[in-house]
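Take the two lone chains and join them into the complex the hints point to.
Quick note, the sequences are listed as chains A and B, same order.
In our numbering, each number is its position in the first sequence, counted from 1, plus 230.
In our numbering, each number is its position in the second sequence, counted from 1, plus 1284.
Check each hint, because a few of them may be wrong.
Here are the simulated distance ranges between beta carbons [to be verified]:
no., chain 1, residue 1, chain 2, residue 2, range
1, A, 338, B, 1512, 37 to 43 Å
2, A, 250, B, 1461, 20 to 26 Å
3, B, 1553, A, 249, 24 to 30 Å
4, B, 1609, A, 249, 24 to 30 Å
5, B, 1695, A, 301, 49 to 55 Å
6, B, 1447, A, 250, 32 to 38 Å
7, A, 259, B, 1461, 22 to 28 Å
8, A, 297, B, 1608, 37 to 43 Å
9, A, 234, B, 1432, 33 to 39 Å
In case anyone wonders, no lab produced these hints; they're calculated from the structure.
Glycine included, every Cβ here is placed at the ideal spot set by N, Cα and C.
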Amino acid sequence: MKYLLFVACDPDHTEADVAAAPDIDEWLEYVNGKGLRITGDRLRPVSDATTLRVRGGELLVTDGPFAETTEWIAGFDILECEDLDQAIEVAAKHPMAYTGRLELRPFWPLDDE
Amino acid sequence: MTDARAAAAVADAVAAQRLRIVASLIQVTGDWDLAEDCLQDAVERALERWPVDGIPDNPSAWLTTTARRRAIDVLRRRQKERTKLREAQALAELARDLTGDDPGPYGDDRLKLLFTCCHPALPMAGRVALTLKSVAGLSTRQIARAFLVSEATMGQRLLRTKNKIEHAGIGFRVPAPHRLAERTAAVLAVVYLIFTEGYAPTEGEPFRDDLAAEAVQLAGLVAQLLPDDDEALGLHALLLLQNARRAARADAGGELVTLEDQDRARWDHDQIDAGLAALAAARATGRPPGYYRLQAEIAGLHATAADAGATDWARIVIAYDALLALRPSPVIALNRAVAVGFRDGPEAGLAAVDERGDELADYPLLPAVRADLLRRAGRRRESAAAYREAVAVARTEPERRYLERRLGDVAADRP
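The shape of chain B in the complex, shown without the other chains (with noise of 0.2 Å):
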């Protein structure tokens, strides 16, 4: 046995039960540092004893069973100190699950952790850092870098989050069934969110693919877990369609390259398939389309079609129409005025984004679909006016430099 392939042997284990035997230790025992702990203890035991006694044969269970024994020593340890009836009750059940063969409501488990972490009591901030941390598994190092704060204010925000979570008497459950459909909303807007400060960031670097695999991650497990959900299938195609596009991305310079003029054979045809296999199960539901699936039909159109000039723009104008009938936002009317350039050119484009013109006023990519229209429909000095006006309010670099070389462009007259 070399110390490599149990090494390997270890981190596929732990791929595959981390979030349930983190969720089953928080169920029992109402801890949250313990069970990563026990955990992180089950971990560096087995790269120890697995290179030295070989590989078990239920990697998974001796996983599970090592962190549960450990659980049990820190509990009985703690329990020497003082008592708690709470502590008390999970040794209890800690040592009934170890006789038994049965690996006890896994599944249930999971989906609790995720609604906790989700709550909607916690802050937005401390609902994504704890689900990153807890069931995604990221350190607390990684989720800092992700989101550009140091260590220490990252495990602060945790601590926080978890510390309410206690004293606010947040349970470790599943919301009631007549609150399932807005917790559930809430499960979703998170992962959501994780997937948008990966592949679209506000600030810093253009793309973070490592956030946006583990949103595409979460997305699917939340879909597993909750498989009658349309909105949750809707949310995992949607990230798999869009995901699909990051190598096409940017060029080998590292620019950006926008939709219209990516390389469509560097898309990820793997995961455009996933995707639409999940945008059918949730078309299959036949439910009315919700916020996800729309936009996860729109994303389906785009992933479809051989070029910008092959794509279905009608009916992409309508998916628009029916996400801002659902759920009006400035970005979408903003969408929805370039599909219409698309539809109809681009004097019908900006036509469609004046007509909006006092919600989108503040809108900061405003003047950028402005300058792309009026470019498109000839209309040079103007669109130069526009890109100056974007390039002032640009977000990240790489759409800074972006705007400049289209400004460029516009002002030597080249197409």
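Just chain A, with the same shape it has in the complex (with noise of 0.2 Å):
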């Protein structure tokens, strides 16, 4: 199973949460190592952050994310997995897990049934 991890800001957390996070540089060791991690980066913050639409044939362009929440995406990664339980497992290692909040997508193919 492929999963999209997204990696979201979570200002609710404290000092000691910080504190226990492991490296990132760990977690990547941890899960290429295992062959678990396809591909993944860090993204801009959404001050960098484009969105766009078409309407009525005209393109739109504004400055900003699809919405302003104090949750933004601050990254990701794409994971091969066995099944969730794995993912999770996966995840419940990231840094980001102890100062942010992670969010798991199976992947849904377009030649799905």
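The following block contains the structure:
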């Protein structure tokens, strides 16, 4: 199963959580070592985001993200896991699990019935 | 062979084997609907064949084999239409299982089913519904009735839950050892919620005994499947001990009777014995008492007391203190205050309530508890005011009638 791991900021955490969070390099070493991560990266903050749509044939480009919230997407990873439990185990070791919030979304391939 | 005898034999075999058959078919095929359909088909065949051919020597094996054969037929038919790797593997495994006498690792499959139904990635309402459907074997209609929704709504809820299992890739398996404790807690929470919904529904009828009985059964199954888990034993003990009071909780007119006034001869003493035995087994694990075991200890102290006056309130208060330390909640704080009221007198109970006034302020049972303590303390006017407040926030009709009766007693200066 392929999962997209959204890594989001979440102001609701303590100094102790920050201290308990593992290092991102440790996580990368672990997840890449197990061959469970296809790709992933950090993303520039929402102040650098651009949103666009085409309506009535006209392109509308605006500054900023889809929605202004305190929990904005700060990065992503694409995981290839056996099942959700394994994806949860992998995500639970991510530093942002301690200081942010992670969302696992299963892929829904277009050629799926 | 009469049809009635055959039908009874079918019912017995289903009661004994349903869960094993469904769990093992889900394990092999990964298809929840297929598993239910194949069982249903096997039951229909049994009802057709057994009155004619006689009851087989091993009814359980007959049912299992027939359900598996049915699964093979369905998968073969599907395979002709399109090839799916998972189905091909399932076919091979089912065919292999049919040839041997080995019934397979059934215990594991039932546990897998339980953990999957109660997976924390599923919405709570979905966990409850799917556990009642797949583990307890209730029909969609029965579950819909128990939760006061339409059959269509419950069908949708079950479908969405099964879809999430499939789409999100929730594996049909027992969690890894380091997650077992928290995942077991999630299973116990679902069983406990089913029980409370039956024993003390938040709306509608006063009790739904069938739902509470299902929860007791489920708790027994969980305790049997996880024999080393002291909290699984504790929950089973708790539900047995509470459910043992069911017949005494309403009088002939269907009116609520509080624990204090219940006719203890009407308690189910066999169930109390079973509850005490489960409690002893939980204690024997030597682990410090957890959330459910502490509540079972309290229920056990009530169950073994001749009447409210003879109850060991001191030990009950100690158990509530331990519960509060473990998992602070307004309900527990309020129950503790009631116990303090019995141990040290109503004024002490009131003081215990007021001590936690802020955190209890929005709790709907607060005015009822205060009203009762004020009544015992002889402060009738204040008691009547609190009862009026309690009537206004009563959650169920019988609860409201009970409070109005009490209000009448206090207002008329009856004891």
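A quick look at each hint next to the structure:
1. Between residue 338 (chain A) and residue 1512 (chain B) the Cβ separation comes to about 40 Å, which falls inside the hinted range of 37 to 43 Å.
2. Between residue 250 (chain A) and residue 1461 (chain B) the Cβ separation comes to about 22 Å, which falls inside the hinted range of 20 to 26 Å.
3. Judged by the Cβ atoms, the range 24 to 30 Å given for residue 1553 (chain B) and residue 249 (chain A) is violated: they are separated by roughly 55 Å.
4. For residue 1609 (chain B) and residue 249 (chain A), the Cβ-Cβ distance of about 26 Å falls inside the hinted range of 24 to 30 Å, so the restraint holds.
5. At about 54 Å, the beta-carbon gap between residue 1695 (chain B) and residue 301 (chain A) stays in the expected band of 49 to 55 Å.
6. Against the hinted window of 32 to 38 Å, the Cβ-Cβ separation of residue 1447 (chain B) and residue 250 (chain A) comes to about 35 Å, which satisfies the hint.
7. Against the hinted window of 22 to 28 Å, the Cβ-Cβ separation of residue 259 (chain A) and residue 1461 (chain B) comes to about 24 Å, which satisfies the hint.
8. Hint check: residue 297 (chain A) to residue 1608 (chain B), Cβ distance near 41 Å, so the stated range 37 to 43 Å holds.
9. About 38 Å separates the C-beta atoms of residue 234 (chain A) and residue 1432 (chain B), a value consistent with the hinted range of 33 to 39 Å.
Violated hint: 3 only; the structure is consistent with all others.
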